[in-house]
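A.B. asks: Here is what each chain is made of, one letter per residue.
Number of protein chains: 2
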Amino acid sequence: MDVVIGMDIGGTNSDLAIVNKTGEIIARTHLDTASYSEFEVYASEVADCAKKLAKEYKVELKAFGIGAPNGNYYSGMIELAPNLPWKGQIDVVGIMEEKIGVPTFITNDANAAAIGEMIFGIAGNLKNYVMITLGTGVGSGVVVNGELVYGHDGFAGEVGHIISTENGRVCGCGRKGCLETYASVTGLRKTVFELHTNGKRSGLLSEVPFEKLTGKDIEQAALKGDAVALEAFELAGKELGKVLATVAAVNSPEAFVLFGGLANAGKLIFDPIRKHMEEQLLPIYRNKIQLLPSGMKGNEVAILGAAALAWNEFVRI
Amino acid sequence: MDVVIGMDIGGTNSDLAIVNKTGEIIARTHLDTASYSEFEVYASEVADCAKKLAKEYKVELKAFGIGAPNGNYYSGMIELAPNLPWKGQIDVVGIMEEKIGVPTFITNDANAAAIGEMIFGIAGNLKNYVMITLGTGVGSGVVVNGELVYGHDGFAGEVGHIISTENGRVCGCGRKGCLETYASVTGLRKTVFELHTNGKRSGLLSEVPFEKLTGKDIEQAALKGDAVALEAFELAGKELGKVLATVAAVNSPEAFVLFGGLANAGKLIFDPIRKHMEEQLLPIYRNKIQLLPSGMKGNEVAILGAAALAWNEFVRI
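Protein chains in written order, with this note's numbering: chain A, 20 to 336; chain B, 20 to 336.
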């Protein structure tokens, strides 16, 4: 059976899976990314793992897809990723192809997820949509006419860094008011503490220190009717609604597909997003754009996305 | 010789030209749009004009491209255009094809201009760019991977209605703070009067009533160093700079191509746009994006754009 390898490179872990044409995960393993200070050594280990699995499951490796922070589709490089152990520019595709012997492709995790949604998820019939990842940060993958948009430099789809509130919260990118400072899990936690600072008390959340407060805590509190938690979801939805209305005015997509920690909160986040997006949309776009949860399982989005990238490119070869 | 017809339908005038493959205008005429209350009658007149010109210049009509406000590429209709004499939905492509007997295509004027720039202008080598029209309003045409983006409903590219200042100036679309209320010729005039209202006096502009003040007046005053006029250009550039930085985070284009009345002011508008865009861009996009004036002559952009649409589609048939 023909298969591809899909791999999600994260700062702590690298998840690797063997995936067939229908998106079934045949086998799965992981490596401890942080323990490999040399990329060459890491790449050899990845190749060994993949070949071993292929032999064990009697499948034939056809292509290798990688989702990684700052992974650039055009150059095949990971460029200056702050949370990975390898500094500078790493020729990921060049080195991996040499070690593993199959065509290798890379992009960032949100772009991979967008392709995954098209091939294995719910976006099979969608030609124009934007995938939004609401995790620690906010990522995005833009699809136009059924093709992922890489832009001229491979860095298209940074919707999390659209400024949603001028002179707003300080962002890791060095600017102020980026969507990601409000609509990520981190943003949600910031809102809770900002509300505390402004004198609003929450019986459920006020006792938890910032570093220990999780998105799940806030979700649980909101489900119990905690006013601070509900206001945090409302603000995240408002900022997202504004930015999605802006993105609509560029590419006019038929859907936004949401996934990641915050998206799992369901109605708590979908309802405020929908309300604010519709309010902010130019009238010609109103009541047309679907807001959908991802069709892929949470812990499989990243590797299925990377595998989808590999299948998608392999078909063109 | 094979030629196409390019037509720009405006509220007052319709410009019509016969254009060859290299963008040469062989013949040109115009109709008084406002005097035709029935679209059928207008369409017959257009067809007669085009056939007469084709006969006179001994050329063969191959296709017909139309740029019109609210012209929808997918439906072939003009939909609810406030400044045209025909109300409701008009089946422009259906009726025109019947009258003129060649394949007919329609889109809005800014989209047509974006295609024109690709085929007859300076964007021949650009695969990812956004055309921005700075006239009475602000229009845009988005190009990704060498193809115009129509979006799922044909209405992509409404960059003029991205909100650049929250709760800002009232816009004709019913919302507040749209880019077009600052960065169009109308926006520039509004800024001059707002500055007057706030106590700033201009020796050159304070005596002119709102309805008589033109973009050219403000440009002339700015060239003479008038502080109010210069501040108006600065604000237009700031609002545009913010929005272009936002658009970059969606599609990562290699260039923004500007045309229309305000773009003709050259350095007066390009300098503030560039300064504010670079300041507002996410660091990975800085010093990469070109800001270019259109390569087409001002009074030919619209008809060359419509002709380019026709050539572009004719090649695919």
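If you're looking for bench data, these hints aren't it; they were derived computationally from the structure. All values reported here derive from a predicted model rather than from experimental measurement. Among the clues, some could well be false.
For chains that are exact copies, the list does not tell them apart, and a pair is met inside one copy or across any two.
To be verified - Derived EDC-like pairs (lysine to aspartate or glutamate); straight-line CA-CA distance at most 20 angstroms: (1) 118 - 57; (2) 243 - 34; (3) 146 - 166; (4) 231 - 75; (5) 146 - 172.
A.B. asks: Next, verify each hint and record whether it holds.
C.D. replies: Comparing the hints with the structure gives:
1. For the homomeric pair residue 118 and residue 57, the shortest alpha-carbon distance inside one copy (14 angstroms) is at most 20 angstroms, but the shortest distance between copies (70 angstroms) is not.
2. In the homo-oligomer, the alpha carbons of residue 243 and residue 34 never lie at most 20 angstroms apart, since the shortest distance is 35 angstroms inside one protomer and 64 angstroms across protomers.
3. Taking the shortest Cα distances, residue 146 and residue 166 sit within 20 angstroms of each other both inside one copy (8 angstroms) and across copies (14 angstroms).
4. For a Cα distance limit of 20 angstroms, the shortest separation of residue 231 from residue 75 qualifies neither inside one copy, at 42 angstroms, nor across copies, at 81 angstroms.
5. Proximity of residue 146 to residue 172 under the C-alpha cut-off of 20 angstroms is restricted to the inter-copy arrangement: shortest distance 11 angstroms between copies versus 22 angstroms within a copy.
In this structure, the hints that do not hold are numbers 2 and 4, in rising order.
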